[in-house]
Amino acid sequence: MITEYALETKGLEKIYRARFGGREIKAVSDLSLRVPVGAKFGLLGANGAGKTTFVKMVLSAVHPTGGSAMIFGKDAAHPEARRPVGYLPENHRFPTYLSGTGMLDLYGALSGLDPAERKKRIPEYLNLVGLNGWGDVRIKKYSKGMLQRLGLAQALIHKPRLLILDEPTDGVDPVGRREIRDVLNRLTGSGVTVFLNSHLLAEVESFCEYVAILKKGQLALEGEISSLVAGTGYSIVASNIPDAAKEALKQRGVAISLHDSGLEFRAATREESNHIIDSIRAAGGFIESMHASNISLEDVFIKTTANATPAEKVA
Amino acid sequence: MNARVYGALIRDTFQEAMARWLFWGLFALSSLLVLIFLFFLRIDLVQGAISFAGSRSSRPIYDIQHFVNVSYSWVSTTLYIWGTFVAVFASSGLIPSVLEPGRIALLLSKPLSRTTLLLGRYAGNILVVLLNHIYLIGSIWIIIGIKTGIWDPRFLLSIPVALFAFAVLLCVVVLIGVMYESAALSTMAAIALMLISTILAQRSFVVRLLDSEWSRDLWQTLYWIVPKIFDLGNALRQIILFERDADLLTPVLTSAAFGLIIMLRAIYVFERKDF
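Protein chains in written order, with the working numbering: chain A, 2 to 316; chain B, 3 to 277.
Hints were generated in silico from the structure; no laboratory data involved.
Just a few of them, taken from the derived set where beta-carbon distance is under 10 Å, the chain B residues facing chain A:
1) G9
2) M20
3) E102
4) L109
5) K112
6) R116
Pairs of lysine-lysine residues, derived as DSSO-like cross-links and limited to a Cα-Cα distance of at most 30 Å, are as follows:
7) A/K27 <-> A/K304
8) A/K217 <-> B/K275
9) A/K11 <-> A/K75
10) B/K275 <-> A/K75
11) A/K141 <-> B/K275
12) A/K75 <-> A/K217
13) B/K275 <-> A/K27
14) B/K275 <-> A/K11
15) A/K121 <-> A/K141
16) A/K141 <-> A/K120
17) A/K160 <-> B/K275
18) A/K145 <-> A/K120
19) A/K27 <-> A/K11
20) A/K120 <-> A/K160
21) A/K217 <-> A/K11
22) A/K160 <-> A/K75
23) A/K142 <-> A/K160
24) A/K142 <-> A/K120
Even for Gly, the Cβ is constructed at its ideal location relative to N, Cα and C.
Bound conformation, chain A alone (with noise of 0.2 Å):
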């Protein structure tokens, strides 16, 4: 049982105004989520669906214009409430001028860490993320990957609870995502919160458990995405079925394929499954197999982001 939430927002919205003729643009509208402490939670969304504006919101870098944010049941907007926030913006620009040490020793003092900490953590989290040894160098030496890297440390040195995301693994290398993947498996088993915002369909699919998708500033879809990508739909292969009785079927909109042991059906709901087959069988033919079928996060994100179904909830 959930009692507490990383993070909780109620009907957040953000509407930017034109300065010059009084336009209005709606980037969030009514945005409730809560993000349950020690979750692996994805936001998804297509470009401009208002994911780094909800972002933005939650870190107080953009002023809703209406609802609240709650980051471990405190407001958002006051300073205190950002301190067990670990965050890696998209399209970062970090000081060039610094090292990697020196990077990480500015953002481990404006969090809050004492400089002895900071001494002893600086190289720790230099070696988790790969980059030991280049502590010295500038960064504006560093490659993209690297770059990403060395956020991501700057995002953990403090210990957050809750880690905020965005596009984490944007220009790194399969080995190093799959090393930055494994640094944050480390992590939710230690209690931590991880907020992703991502691009990358299967990368939230395969690390988290929650996710969220946006369409036009509002909350599309949201659940677990086991649930949302199992038993969504139901596959039934039969043989020997008579003309009539196949054509009877695709009038009724029954998706119909070949399949090598005769043909394959497809039903959304169990109710429409259970009059296809009630349908094969009256015909004479016979149900070879059936199953539920698993729909990849991708065929949920495109369905859903497709249609204009406004927040539907899968528990």
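Put chain B on the given structure of chain A with help from the hints.
Just chain B now, with coordinates in the frame of chain A:
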């Protein structure tokens, strides 16, 4: 805790300043002036006095102390104008740079208020310029002292006065930087204020030339609103020359009020801005 955050912000501003060529230029120009005084201004008790006064002042030199005072007043005024101008020019980029997308979002995600962030940056800027002024004006004071044997501490008043003028102008740089995120615009605004201040300070002369009451009132009003960068320099010169009607307090108070209002406005804008 807050001291640690301020310390980190000041240190960061320092490091960024050091990484910018403009700041090295500031120190290089200061060093050049120091070297000029060290090697080319051959002031000793007799020869230097005659050569310098002969070329620079039409006033009779009653004694070497007066000569040194006149020299000090010239040098301090020059350093005041030069130092303030160059400091504004060199530091104008330090506020917009911190507002770059991707940098400001990360800073704002830290447990510090926006006001702390802005004031920390401001304080770091002031400290860099303070060190430069101490280096420049202190070095020249030592050189003149060694060469003339006269050590007048009033010359060192240039340091706080120049720093104060810079601090007031930096408030404008901060406001424009926060509003428009443009280093060029910030510099233009601050330099324009320096020039306007000089023009407005000629009020005793100009007011006589203006034929309407409202234009005279407007001039006077603007004079009292705009920071008195010219008057500060003038007061500094008068103090060094022991002039009795030297008034440093009025320009300091009115300019401080201007700076405070501008800084409060900058904080207000920064607090409400979306990044």
